[in-house]
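Chemist: Listed below, chain by chain, are the residues.
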Amino acid sequence: MKLTLWGTRGSLASAGPETVRYGGNTSCVEVRAADGSVLVLDAGTGMRRLGAALRGEGRRVDILLTHLHMDHIQGLGFFAPFFEPDREIHVWGPPSTTQALRERLTRYLSPPLFPVRIRELPCRLSLHDVPFEGFEIGPFRLNGALVCHPGPTVGYRVTADGVTLAYLCDHEPALGLGRVPVAPDWVSGFALAAGADVLIHDAQYSAAEYVDHVGWGHSALTHTLAFATLAGVRCLVTFHHDPGHDDETLTRLLDEARAGAAFPFEIVPGTEGLSMELGDSATLGARLADSRPAY
Amino acid sequence: MAQKAVELILMRQLASYLAVPIFLVDPDGNLLYYNEPAERLLGRRYDETGEMPVAEWSTVFTPTAEDGTPVPPEELPLSIALRKWHPAHRPLAIRGLDGVDRRIAVTAFPLEGQGRRRLGAVAIFWERPS
Chain A
1 MKLTLWGTRG SLASAGPETV RYGGNTSCVE VRAADGSVLV LDAGTGMRRL
51 GAALRGEGRR VDILLTHLHM DHIQGLGFFA PFFEPDREIH VWGPPSTTQA
101 LRERLTRYLS PPLFPVRIRE LPCRLSLHDV PFEGFEIGPF RLNGALVCHP
151 GPTVGYRVTA DGVTLAYLCD HEPALGLGRV PVAPDWVSGF ALAAGADVLI
201 HDAQYSAAEY VDHVGWGHSA LTHTLAFATL AGVRCLVTFH HDPGHDDETL
251 TRLLDEARAG AAFPFEIVPG TEGLSMELGD SATLGARLAD SRPAY
Chain B
1001 MAQKAVELIL MRQLASYLAV PIFLVDPDGN LLYYNEPAER LLGRRYDETG
1051 EMPVAEWSTV FTPTAEDGTP VPPEELPLSI ALRKWHPAHR PLAIRGLDGV
1101 DRRIAVTAFP LEGQGRRRLG AVAIFWERPS
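From first to last, the protein sequence lines are chains A and B.
Residue 213 in my numbering sits at position 213 of the first sequence, with consecutive numbering throughout.
Residue 1058 in my numbering sits at position 58 of the second sequence, with consecutive numbering throughout.
Just chain A, with the same shape it has in the complex (with noise of 0.2 Å):
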């Protein structure tokens, strides 16, 4: 499995002098699979970047939308393949009590926001709810489950080639913790990623920052850190950076974190362009040791 970040930034895309190193676009992440199967995880800004990668290529590519902030899906827009006849693509999302997906993700695909309608696209495009037991695309296993942000959101578990990936990239597990006791089983998201060689994780805030955006659905770093460690995963990613956090500010933070305790797992700050050739698990580590940038 080899996944690429095109976005990792959080919120709203912040390009400029001051985030090159760690990027400005908005989420987006692309898995391949050994076989060449393609996922994209959400639809930030990144997504433009991943489309033009994509061009030509004629595969299949599976979607998947945590859920339905502007930050998560302005990149439809944008994407090439959409435009191209032939493409067949799936769009997943998270299933609503009151309106289809289709209708809520025309909201943004429509005028006066965007000028092309999702009817007027080329590919052939089908949308789905996230089903909750569970699912297969491709070569990839996925479960999918809603977890703690405002409006339904939903996580990802990912398994494929013998390597597994979770993907929170909009989560408050911290949410009111303070009152409950912290039982695995009672903290949002655990069971995404219960041992999973890749965390893909919010680390939005510093501790500080989040004592006035409690509620917001995000989490600061240290936190992140905690539910990292609670759910034993062997790498973590941090993503989703707060656009007020320049290169400087995520370094130090990043720093700080590390210098504070021992962590047992690998921490990776999401940075835009990073690619990670996971291999199998048992090769993780000296995989993520070689892992680059991408461009």
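Since the hints were derived computationally from the structure, they do not count as laboratory data.
Yeah, the Cβ is synthetic: ideal placement off N, Cα and C, and Gly gets one too.
Wrong hints could be hidden among the right ones.
Distance ranges between label pairs, derived from CB positions [unchecked claim]:
{"id": "1", "chain 1": "B", "residue 1": "Arg1116", "chain 2": "A", "residue 2": "Asp255", "range": "43 to 49 Å"}
{"id": "2", "chain 1": "A", "residue 1": "Gly151", "chain 2": "B", "residue 2": "Ala1055", "range": "34 to 40 Å"}
{"id": "3", "chain 1": "A", "residue 1": "Thr249", "chain 2": "B", "residue 2": "Thr1062", "range": "55 to 61 Å"}
Chain A is already provided as a structure; the job is to place chain B on it using the hints.
Modeler: For chain B alone, coordinates are given in the frame of chain A:
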């Protein structure tokens, strides 16, 4: 133990902050959680009882009607909320695990999550003056 649905996690978290006594059960009626104000009515801390099968909690508090006749488990508001999938309310008398008799009213409602999943039910207790 199985991962709890996020709706149940959020319900428990909300309950843990409220001053109203709240009792949370799964779709089979098994007790998942009750908050501190409910501990006072039920006479024992949740940390001591933990999760509890329906057959146990529905009798251990010896619920009775106003006239003192026992209320069978299937006629408790929580059981009705789960079975008929609509809110239910009734006054009751209970004997807490501390041995104290209390007059309460119980309002229960079902919890239906995204995807129409039946997640359980919530009961709110109101203490009535003796």
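Chemist: Which of the stated hints cannot be reconciled with the structure, identified by number in ascending sequence?
Modeler: none
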